[in-house]
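Novice: For the protein sequence lines, the chains are A and B, in the order given.
Sequence positions in the first sequence follow this note's numbering and run 441 to 818.
Sequence positions in the second sequence follow this note's numbering and run 441 to 818.
Just so you know, the hints here were simulated from the structure itself, not pulled from any lab data.
Where hints are given, some of them may not hold.
In silico DSSO-like pairs for lysine-lysine, Cα to Cα no more than 30 Å straight-line [as the list claims (entries may be wrong)]:
(1) B:712 x A:576
(2) A:712 x B:456
(3) A:712 x A:636
(4) A:759 x B:615
(5) B:694 x B:709
Okay, here's what each chain looks like letter by letter:
There are 2 protein chains.
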Amino acid sequence: MSECETGLELRSLIKKSGELEISLADVAVPEPAADQVLVRVEASPINPSDLGLLVGAADMTTAKASGTKDHPVVTAQVPEAAMRAMAGRLDESMPVGNEGAGVVIKTGSSEAAKALMGKTVAMIGGAMYAQYRLMKASDCLPLPAGTTAAEGASCFVNPLTSLGMTETMRREGHKALVHTAAASNLGQMLNKICIKDGIGLVNIVRSKEQADILHKIGAKHVVDSTAPTFMDDLTQALVETGATIAFDAIGGGKLAGQILTCMEIAANKTAKAYSRYGSTTYKQVYIYGGLDTGPTILNRAFGMTWGIGGWLLFPFLQKIGPADGMKLRQRVVAELKTTFASHYTQVVSLQEALQLSNIAVYNKRATGEKFLINPSKA
Amino acid sequence: MSECETGLELRSLIKKSGELEISLADVAVPEPAADQVLVRVEASPINPSDLGLLVGAADMTTAKASGTKDHPVVTAQVPEAAMRAMAGRLDESMPVGNEGAGVVIKTGSSEAAKALMGKTVAMIGGAMYAQYRLMKASDCLPLPAGTTAAEGASCFVNPLTSLGMTETMRREGHKALVHTAAASNLGQMLNKICIKDGIGLVNIVRSKEQADILHKIGAKHVVDSTAPTFMDDLTQALVETGATIAFDAIGGGKLAGQILTCMEIAANKTAKAYSRYGSTTYKQVYIYGGLDTGPTILNRAFGMTWGIGGWLLFPFLQKIGPADGMKLRQRVVAELKTTFASHYTQVVSLQEALQLSNIAVYNKRATGEKFLINPSKA
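Isolated chain A, as found in the complex:
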């Protein structure tokens, strides 16, 4: 590699004019400092959390393709009402891709860096939709021999998020949990963890097909929020599991409040005395996604002992600290081909990731559809 060599890096730009532009930039391949390594990225998933940065608030039904075969460009309009939420990123060309995996092809002079030469490593930290990624050696997660980059591409976001949920449950004194949009890749992973660890999990889905997916992998409690008996079904599952904490990917509408209401009904089934402030059982819903971007509506029919809040992986990892975070990562690596295996429906190059026909599929965020980008694919 000569000093003037460049690699492709995917960029997302929202202009003050209200236009989204997704393109591939030629960026200089950087030279590792002493404690750094250069990784040739070979696999990086398109997670829902990546789409937020990739397409932002743009209306992708207005998307147009231009540019060349090697350097395709996609443009689309951001509705004016949504521009306020984009204020913080206007006219900044932003790299994308939270996590990925690849092979270390060049290292700095430190022992830790040199030890990684030729190894396949998993990475997190953004800018993974790129052919090359500079990393601190200590931030790389070396994968066991026999593990491909594709197998290690999703070591962080979904595995640590699902482990973060059961960890949060334990640390905040709950004994079982509720999960919504539960047939997602993440939801299936959470089921595998809970089955393995013997944790009660109430899965809330929005169709019979999604319920079937979960039953097939051994889920015990699956309730369908579109069923007329939803509130009773949910209450019954809460009584059986004792779940008093929920992780909600939907965010909008009445669901978060319905979960708290059913938790309160479940708690009052064992209450000894009347209190007009409701049960003394603490009930928590964490909203970690926004599949429904409409307002959250709480009827507050659940007493006074409750909380709702936002939940994100990175603040959670900061809270538990690096030592406990490392334990979670070690578990992910140990169970990468079982509990934490991800399945992709398509593997695409950077150029293919910018094809309108592909964007139309992965931007639906449909359960069961998951794309993997291989930036080193020709």
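Following the hints, put chain B in place on chain A, whose structure we already have.
Specialist: Chain B only, in chain A's frame:
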């Protein structure tokens, strides 16, 4: 006092038929055990928190008076839709009155009990709308000489709630706070605490008259939620104070979410880098009342670092423990005639408390209207 002597005790009963009945029961005056004292109750306030138990969900426009002059009875209908929330108390005749003060007229044999003989004491624990109240000696708060029962009647609910707010603010790492329905008796007390302790307080009111009340007692930040410039005014006050925690007495509607939105805008004024998950500043709203019983509507335009929850005095006191709780009580007693002075617009007997004309006034929960019951008043 002979063993068959009785005293009056106010009772609230909601029947399965959907009828509320408020009456005065003749109950036997109890004999104190060794560690107990008998208090002749002389003052007990009607707080919003008492009205919830006293009238429950009844529609007081349907109220009817019956009974005798000494034993008046009030009945009213509970709307069928509200009966579900009353399920826990049906057909139970419930005593009312969270707090009060009176004179110890009989004691048990323990030294602690005997030491209280003749003293004026403040009490909390329910059943204070009664002529006599049996208390454990250790649960009585003796008032300094020269303090009347009327002056000591409101030692707990409002003083400890307002102190609980500034305590919660400190313990959860915030440096200033927001309060809604801020011109209330409680809100005025909170202003006095914050002025004395040098704590930034943003008062949210719903009229110019309420703003005037607060300005007169020295409040610095008062914003009117009915003003067209409300969101900007609130944001400006949040920037000036750095408030990131709010205590909301309203509960329903958009206010709690608007507070979080303005906190997020204030936090982002100093943000260094774009994050589509919003600022990393933790923002909290505690709902401690329900002046608006409608649904809480959150537009979630405030990133992912936020929480909303219920807040109540008693769980707070349990959380901080008896030693720290005692420090708060000692401060209340020391500042009973200044910071924690309560003002009453009327003093009524138990019988007068059941007059429909009086109920119509105190059940409005209007700012500036506050009743004190003197059960020993003839």
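Novice: If a hint holds in the structure, say so; if it doesn't, say that too.
Specialist: Quick rundown of the hints versus the structure:
1. B:712 x A:576: 23 Å, holds
2. A:712 x B:456: 19 Å, holds
3. A:712 x A:636: 35 Å, violated
4. A:759 x B:615: Given pair residue 759 of chain A, residue 615 of chain B holds - Cα atoms ~21 Å apart, limit 30 Å.
5. B:694 x B:709: 23 Å, holds
The structure fails to meet hint 3 from the earlier list, while all remaining hints are met.
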